[in-house]
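Enquirer: Spelled out, the chains give:
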Amino acid sequence: MYPAPISEYFAPSTLEECLDLLDQYGNQAKILAGGQSLIPLLKLRMADAPIIIDINRVIELQEFGEKFLESGNRVLRIGALTRHKTLASHPLVLSKYPIISDAAKYIGDVQIRNRGTIGGSLVHADPAADLPVPILVLDSTLRLVSKDGERTFSADEFFLGLMMTVIEPNEILAHIDIPSPQPGTGAAYYKYSAVFGDFAIISIGARITLQDGICQSSRIYLGGVNPRPQRAVETEEFLNGKTITSEILQKATDVMVEEVIVESDMRASDTFRKVLLKQYGFDVLSKAVQRAKEEQI
Amino acid sequence: MHPLQDVQKPGVEGTKTIQVRVNGQIYKREVPIRMLLVDFLREELGLTGTHVGCSVEGRCGACTIVLNGNNVKSCLLLAVQADGADILTVEGLGEPDNLHPIQEGFWEKHGLQCGYCTPGMMMSVYNLLKVNPHPSVAEIREALVGNICRCTGYEHIIEAVQYAADRIAAMPKEERDKLFSY
Amino acid sequence: MKISGTYEIPTNSTTVFQLLTNPDVLERTVPGLKSLHLIEDNIYDADLEMGLPTVKGRYKGTVKLVDAVIGEHFRLIMEGQGPLGFVQADVLIKLEQISENQTKVDCEGEATIGGVVAGIGQRMISGVASFLMGQFFKAIRKEASKAENVGN
Amino acid sequence: MTTVSETKWVGRAIRRREDPRLLAGKGKYIGDITLPGTTYVHLVRSTHAHARIRNIDTTKAENYPGVVAVVTGEEVAAAMKPMLVPSIIPRLGGELQIPTVYPLAIDKVLWVGDPIVAIIAENKYIAEDAAQLVEIEYEPLPVLEDPEEALKSDSPKIHEDWKSNVLWHGELGDGDVEKAFREADYILSERFYGHRTGCAPLETRGAVASYDDFTGLTLYINSQRPHILRMALSQILNIPHDKVRVIAPKDVGGAFGTKAPIYREDLLICYLAMKLKRPVKWIENRMESLMTIGQERDQIHYLELAVRKDGKILGLRDRIIADVGDGRTGVYLGFVMPWLGAAYLTNAFDIPNVHIDLSCVVTNKPCLSPSRAFGEFPARFAMDYALHLVARELNLDPRDVFEKNIIKKFPYVTATGITHDSGDYVGAFKTLLEALDYDRVKQEQKEARKNGRLIGVGFAMGAEMSGIGSQVFVAMENQPGYGSATVKIDTHGMVQVLEGDSPQGQGHETTIAQAVADELGVNIDDIYISYGDTFATPFASGTLGNRGASYTVSAAVLACRKLKTKIQKIAAYLLGIESDSEEFIFANREVIWKKDNSKRVSLDDIADVAIMAPTKLPPGMEAGLEATAYFEANIASMLSIGVHGAVVEVNPKTGDYKILRYVVVDDCGVPINPMLVRGQVHGGVVMGIGNTRYEKYIYDEAGQPLCTTLMEYHMPSAADVPDIEVIEYNVPTPYTPLGTKGKGEGVPGPVPATLASAITDAIDRPGFKLLNLPLTPESIWRALNEDK
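Residue numbers (this note's numbering), protein chains in the order written: chain A, 1 to 297; chain B, 1 to 182; chain C, 1 to 152; chain D, 1 to 788.
It is worth saying that the hints were derived from the structure and are not from the lab.
Note that beta-carbon positions come from the ideal geometry of N, C-alpha and C, so glycine has one too.
Do not take every clue at face value.
[As the list claims (entries may be wrong)] Calculated cross-link-like contacts (lysine-lysine; reagent style PhoX-like; alpha-carbon spacing at most 20 Å):
id : chain 1 : residue 1 : chain 2 : residue 2
1  : A       : Lys251    : D       : Lys653
2  : D       : Lys594    : D       : Lys8
3  : C       : Lys138    : C       : Lys94
4  : D       : Lys60     : C       : Lys60
5  : A       : Lys278    : D       : Lys653
6  : A       : Lys105    : A       : Lys85
7  : A       : Lys274    : D       : Lys653
8  : D       : Lys275    : D       : Lys243
9  : B       : Lys130    : A       : Lys105
10 : A       : Lys85     : B       : Lys130
[Said to hold, decoys possible] Derived, one-sided and incomplete: chain B residues facing chain D with beta-carbon distance under 8 Å:
id : residue
11 : Val52
12 : Glu57
13 : Val90
14 : Glu91
15 : Pro96
16 : Glu108
17 : Leu112
18 : Cys117
19 : Thr152
Can you make the complete structure from the sequences, with help from the hints?
Expert: Here it is as structure tokens:
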């Protein structure tokens, strides 16, 4: 299974060059980052790429680290070319944002994590992929750039649906900014899959901010359940303002299972997905709470 | 039926000249842009130790190589992407009369049967032992998720990795470093 | 695979019927439809690029409108074949006017996807189907508003 | 002084001799073989499960630059006979309907993946480009996916000229079944379902063919049985046998049965080479592989057991309905596997009264092809799990029910006619329970339950065939069952062994050499093994069904013994001894007179005399040092026992389960190389776990295969499976020269019943049963919530 003929290959080393190419070729070109989804699609001839723009050499897309924005807010900036391997194991992620490594360390396998990028994963927007959920849970901001300028979206605005995002053909995702957590915040992610490292049958990501044992705010997203990671708004509302006990988390899990709209496929039925959400929802919420107490998201 | 017009016109086949270092040797070749790296290694360079098992999505890992220090699947890369890269394939791991401890481990512990997954499997073991010289059984199992073996049930592969780890641990540091120069 | 959906269109059922059965409108509204030519009564030749923005398949085939009762219902039978396989759909579309300029459209049917797409994309197919139906009815709503405006 | 024991190789866990080349990346697999001027084939396959082909337009494909030829079904059919020639049709009695088969579809397709058009191009990328340009118009026909539907008399016929959709129907059994059921205290009656799954080796199929008018056809193919294929090619393609040479590559990337049949593509590739007079290469891609080969096990058992209240099984009735797919794959036709599963249904148990009614039904799926635990996988599940259900129903310890029913006297012939040669099945079973620490686990189970943890223990048996002798094989596959080998001592005193089989990772280069080294008293490095080339090796049925250690090794041993007689005569003559032929010891590359150790001749000298200086041979003796032997055991068939046990923990909320321990007690007669035997058992168990829990070929109602990549067909990785413990419990068989028996083929068989019984024991709730495979967490959760 081999790709159709490709007539041009560009490997720009600067963002400017890259944006020029996108401006010139737009629709005809495909951006090649990690290639772990694009190359299979090309082999299956389900995607067509007469022109390939390989962004692996673009320095500006490789930023990684904490940064102060002009607003004075501190963020974790993750360049679009950051590999899953870094997200799974970087000390900064492990110590301050473990929800990201929760998700990144079980993406596929070592080889995929060595190659795959966060930008590729988010733009591909596979509903069962691991990274969209924590990015949504952390209220991240995604910066898209093109020759025409920049656009910034919240993660929630970025994902439109099944494998669809707001990104335009002449744009590229430059980086993701994850806001520094408020004090007392913890977050966690869990995936249930058929075999180790496989796409999620269900995944759950939760962030909870606690003050004096009371939930100040929360954010919960569920992956693998339908065409786009789904926010559990009612569950969040249920938790907000409540003193967190194990009983409350159990009830919150019930609310979550109740509110989520789940689809069936051959990996699992809708009913069984709810069984899994019920089983693991509580664990994820508990872990988020525990991390809130330890100030780790 | 009416012809499916424009989409089925043959695309124009572009080519590009690349230079790659494979197992210490430099190769310069003009390749079609669409050529997969695994085909470049196997068919252009004749390094047929790297295998293809899943054809599409890379799940099987038989084509695993070490590229610029990381184990990756060579069926999920275009050859042109490897321009300027430093690659290790199974052919560069050891010599028949001077096997790498990983190869020795697989031999001693019967870590292979049909041998088809073995080259890719050993590339993943290479990457594992480079960063984690004393892996636990669970760590070995997780490090090999990207390499399917259909013969061994993995039991002897795990023993092979442990054997190699022990052998390597017993070596002086310079020798160890030489074993993991990729 | 079952397909179903309910959509509301802001015009009366006769207009909705006309929109949904008018090849010119369909050419504008069906996502990915490249061309539609009448080949005999109620049977059209269609060239369709179906899928998502990033993942597409090209299909060539026919669209048939049968059992049509103006303003009430019709069946849409589609068949397409392409390099990636085939699509078949048989959908009963029922119209119910719920107010003067509001019509409820009920779609109920079966679709079969065959070939490469079925073999690798099972967990995605129903998502793609509902996305495409959503896109279609969104476009039809626009057409309906246009028609209403013209009418007014 | 040299003793025999010092040179003994059999029984030693030595490293394999094939490994250095494989470890260095120098293995030679089918994909590595490319001849000068090679063209590449890509097949356009049906996207419909059942349809008439209204039109095929290949014009654009033909005009695509780099395309050498585009070929459709009628052209190929005109050049050959229908593929199912009499010599490859099994003769198992019963009622058989045989489909007409040609390499490419003509007029009609019967399953998604049915090959329709072959594109031949200058390279493989171009062949695929052109495939995109082929336009096929289909007229869909009703799709039959359910074998029970297909059985109904008003069902459409998949093969229109047949009287029904039943490919084969027949009955097996013996004894007074009616009486057994009349006298039973309890009758268990359940429907068991085994899903479609199989072996899928990591290397797909592949072939390289070349043809010229002088040497004829040469086909390199990763086949398990090159000789059988050669014979069939000659007959089907109407080429004289001497103009057909089949060569299996030195290295084959696993097969597990899937590379044993004669496939339509094999014939096609040969035809294309003959047509084009250029080498033609086809390497199956994974997608076509997952929709074409390696699918097995798909059957329903309506099983009834007549049981005495002490757990003794008095009789068995089973109605089996097997979904054999389109039934068009050569040699097996999809029905030999279910038939064998039926023949082996009673497994390791003494059940005198048996009646089995087997219907093999065609559907719009690919034909079943053999997969390790050939035919036995669903049958083992039904039989052994049923014994556990009996124990639960009668409130007996399943240990006692098993022990009561296990075969104790050998040889034993089952009611279905299968001969168990020898062994100690009860001993192996008891060893397993000891290894599991059964009583303690049962105690721990009680403790764990108090803490809300559900632990269970289960077990099952597998009496696996260890090769099948001609008595059975001739009927089963119209082919001999003997093992064959030629042993030659060359001019340098090196020993060459030629076998007619063709291994795929089993380690023949090591195990055969171990046996031969002992026989001839040479070092293992003095021996080289040749196989795969039908122009150079003796005829044999191929590497399959655990034949290696039972039959092929035995043939090599017998060939050595034939040769030894001659060598001893030469030695006696050279030493000037008056001696009977049995008076020499073979050790250290020397032939030593037992009566006087100082009288010895080196093998090199004997080889030199026999080959290079025949004038020095005893008067009248023929020159040369080689012998060929065909080994046939003096019994219809040999079996070897494996007993599996597992301890699992189940989460009753999700049905998820974890295997805490998996233990196998295994008998292979005499292990030639215990390390290799363990490897076989590990691999077999993990494949069994994959097939039981993770792997399923799923079809939708339109017959579309939904698992056509390894992202959807979930082979377990190292992180998905437990450690496997193996305990040897070997009883040498008296029916082979070394007491050896083949091992590995049947290992996956006992896995589903082992896991199902352990899970059932963990749940321990009246009425809870797992009657359908696979055992996924969701299926267990459903079973848990259905019986409430």
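Enquirer: For every hint, state whether the structure bears it out.
Expert: Outcome of the hint check:
no., hint, verdict
1, A:Lys251 - D:Lys653, "17 Å, holds"
2, D:Lys594 - D:Lys8, "18 Å, holds"
3, C:Lys138 - C:Lys94, "17 Å, holds"
4, D:Lys60 - C:Lys60, "16 Å, holds"
5, A:Lys278 - D:Lys653, "9 Å, holds"
6, A:Lys105 - A:Lys85, "7 Å, holds"
7, A:Lys274 - D:Lys653, "11 Å, holds"
8, D:Lys275 - D:Lys243, "15 Å, holds"
9, B:Lys130 - A:Lys105, "18 Å, holds"
10, A:Lys85 - B:Lys130, "15 Å, holds"
11, Val52, "7 Å, holds"
12, Glu57, "5 Å, holds"
13, Val90, "4 Å, holds"
14, Glu91, "5 Å, holds"
15, Pro96, "5 Å, holds"
16, Glu108, "6 Å, holds"
17, Leu112, "6 Å, holds"
18, Cys117, "5 Å, holds"
19, Thr152, "5 Å, holds"
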